[in-house]
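S.K.: Listed in order, the protein sequences are those of chains A and B. For what it's worth, our numbering labels the leading residue of the first sequence as 1, then goes sequentially. For what it's worth, our numbering labels the leading residue of the second sequence as 1, then goes sequentially.
What the hints contain is simulated information worked out from the structure, not anything from laboratory work. Where is the CB? At the ideal position from N, CA and C, for every residue including glycine. There's no promise every hint is true.
Taking lysine-lysine pairs in the DSBU-like style, the calculated list, with each CA pair at most 30 Å apart, reads [claimed, not checked]:
| id | chain 1 | residue 1 | chain 2 | residue 2 |
| --- | --- | --- | --- | --- |
| 1 | B | 51 | A | 156 |
| 2 | A | 121 | B | 3 |
| 3 | B | 82 | B | 146 |
| 4 | B | 3 | A | 2 |
| 5 | A | 156 | B | 137 |
| 6 | B | 34 | B | 51 |
| 7 | B | 164 | B | 137 |
| 8 | B | 182 | B | 157 |
| 9 | A | 156 | B | 140 |
| 10 | A | 66 | B | 3 |
Derived, one-sided and incomplete: chain A residues facing chain B with beta-carbon distance under 8 Å [stated by the list, open to error]:
| id | residue |
| --- | --- |
| 11 | 62 |
| 12 | 67 |
| 13 | 81 |
For reference, the chains in residue letters:
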Amino acid sequence: MKKYIDILINGLIKENPVFVLVLGMCPTLATTSSAINGLSMGLATCFVLICSNLVISLIKNITPDKVHIPVYICIIATFVTVLQMLLAAYVPEVNASLGIFIPLIVVNCIILGRAESFASKHGPIESIFDGIGIGLGFAFALTLLGGCREFLGTGKIFDLTVFPEDFGALMFVLPPGAFITLGFLTAIVNKIRGVKN
Amino acid sequence: MEKLSNSLLNMTVVLTATAIVTGGLLAFVNDVTKEPIAEVNKQATTDGIVKVMGGNPNIKTDADTIENNGNTFVVYNVTDDKGNALGNAVESSTMGFGGELKVLTGFDAEGNILGYTILGHAETPGLGAKATDWFQKGGKGDIIGKNPAKNNLMVSKDEKDGKKGEVDAITASTITSRAFLKTVNEAYEASAKSAPATDCNTQPTVAAADSVNANVEEAK
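Start from the sequences, fold in the hints, and give me the full structure.
M.R.: Here's what the structure looks like:
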């Protein structure tokens, strides 16, 4: 059991996809204009990651090496499309607010990266835990980043007003703010982790 | 278990099998979600018409398709339950910043804007996506009550015929704002072309659309 907890913690903190591995930067920078957008994007990615990790770890031995990338991409794209159809049918609000970023999960390098570096070498249960860990780590990072940007830019967190919008620095909701916030958060996380260069 | 070797046969079989399984799964999910998605979209249209026509839930609509300048518009001639014409709700779309921007705009008989709602968009969350509230009554770019024939519905930094635009663009989303106002202006033209509601059948370009006849009472 300890092994699984370790895998989970590893994904959440030690190998946090955003702050440590610096993977999946496109959706990270693009969707985190508010905390709720970051959270929904993180959870959507988490779902796809768990499913694809599970399936890929199950079929890893029957996939010849030379065609493993097309097979993985095919599986990932299927899960993303399934997710998009389910969102459109049952939670149209989320689908409307994330719009174009859902199909882009297909090319999110976290998912293919974990398929390559973890799921294709480990068993199904470890792979599920890795999916949960990395997925939650991604969702956590995106929510944190979105929360900071929303707070600094508009004075709100999860749409709850902390200070009036007029005092917000709009720049933080715009793309440059994403880079600045990400840089500072990465520095803070690295400080906490005790990384020295 | 040994990993399968890279023989041509193995690769072909595995790729084909993957394609068949994933294709089958997608077809299945599509089949399951087709109905709810259509339902959600239809409900959004019905709710949208009620919203943009002043909020009266007891309305009847009659859908027409109008073609103008190569674009197609769906015009709903709206009447209340006593048969009084309320005006037109027009579904129009254009290219926004991130993709298709689909807007439903309500006009009264004089062409004043009663309300609008955004049916679908792919604008940036937090920026262009603000268009859902920005142009509403009390919003910073309020267009409610304006008439596209009398007011110059453009963003304030643009001008047409020497007249400055009267609408404040969404901060940092001028492209979305321009697209939105363009499609509202086009919707107005389509609405004017379809009016008066009674003799719309004489219009040569009017084609029979999928008649919604959305009685909102039923939907509830």
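S.K.: Tell me if the straight-line CA distance from residue 156(A) to residue 140(B) falls inside 30 Å.
M.R.: Holds: residue 156(A) and residue 140(B) sit about 18 Å apart, inside 30 Å.
S.K.: With the threshold set at 30 Å, check whether the alpha-carbon distance from residue 82(B) to residue 146(B) stays at or below it.
M.R.: 27 Å, holds
S.K.: With a cut-off of 8 Å on the beta carbons, see whether residue 67(A) makes it to chain B.
M.R.: 5 Å, holds
S.K.: Restraint: residue 62(A) near chain B, CB-CB cut 8 Å. Satisfied or not?
M.R.: OK, holds: residue 62(A) within 8 Å of chain B, min 6 Å.
S.K.: Please verify that hint: residue 81(A), Cβ, nearest Cβ of chain B, below 8 Å or not.
M.R.: This hint holds: residue 81(A) lies near chain B, its Cβ roughly 6 Å from the closest one there, short of 8 Å.
S.K.: Next pair to validate is residue 3(B) with residue 2(A); report whether the Cα-Cα distance is within 30 Å.
M.R.: This hinted pair holds, its Cα atoms lying about 29 Å apart.
S.K.: Decide if the proposed pair is consistent with the structure: residue 66(A) and residue 3(B), CA atoms, cutoff 30 Å inclusive.
M.R.: 12 Å, holds
S.K.: Please work out if residue 156(A) and residue 137(B) have their alpha carbons no farther apart than 30 Å.
M.R.: 22 Å, holds
S.K.: Tell me if the straight-line CA distance from residue 164(B) to residue 137(B) falls inside 30 Å.
M.R.: Since the Cα atoms of residue 164(B) and residue 137(B) sit roughly 21 Å apart, the hinted pair holds (cutoff 30 Å).
S.K.: Is the hinted pair residue 51(B) and residue 156(A) satisfied, with a Cα-Cα distance of at most 30 Å?
M.R.: Within the cut-off at roughly 28 Å; holds.
S.K.: Is the straight-line distance between the alpha-carbon of residue 182(B) and that of residue 157(B) 30 Å or less?
M.R.: Roughly 14 Å between the alpha carbons, so the hint for residue 182(B) and residue 157(B) holds.
S.K.: CA of residue 34(B) to CA of residue 51(B), is that 30 Å or under?
M.R.: 25 Å, holds
In summary, the structure agrees with every hint in the numbered list given earlier.
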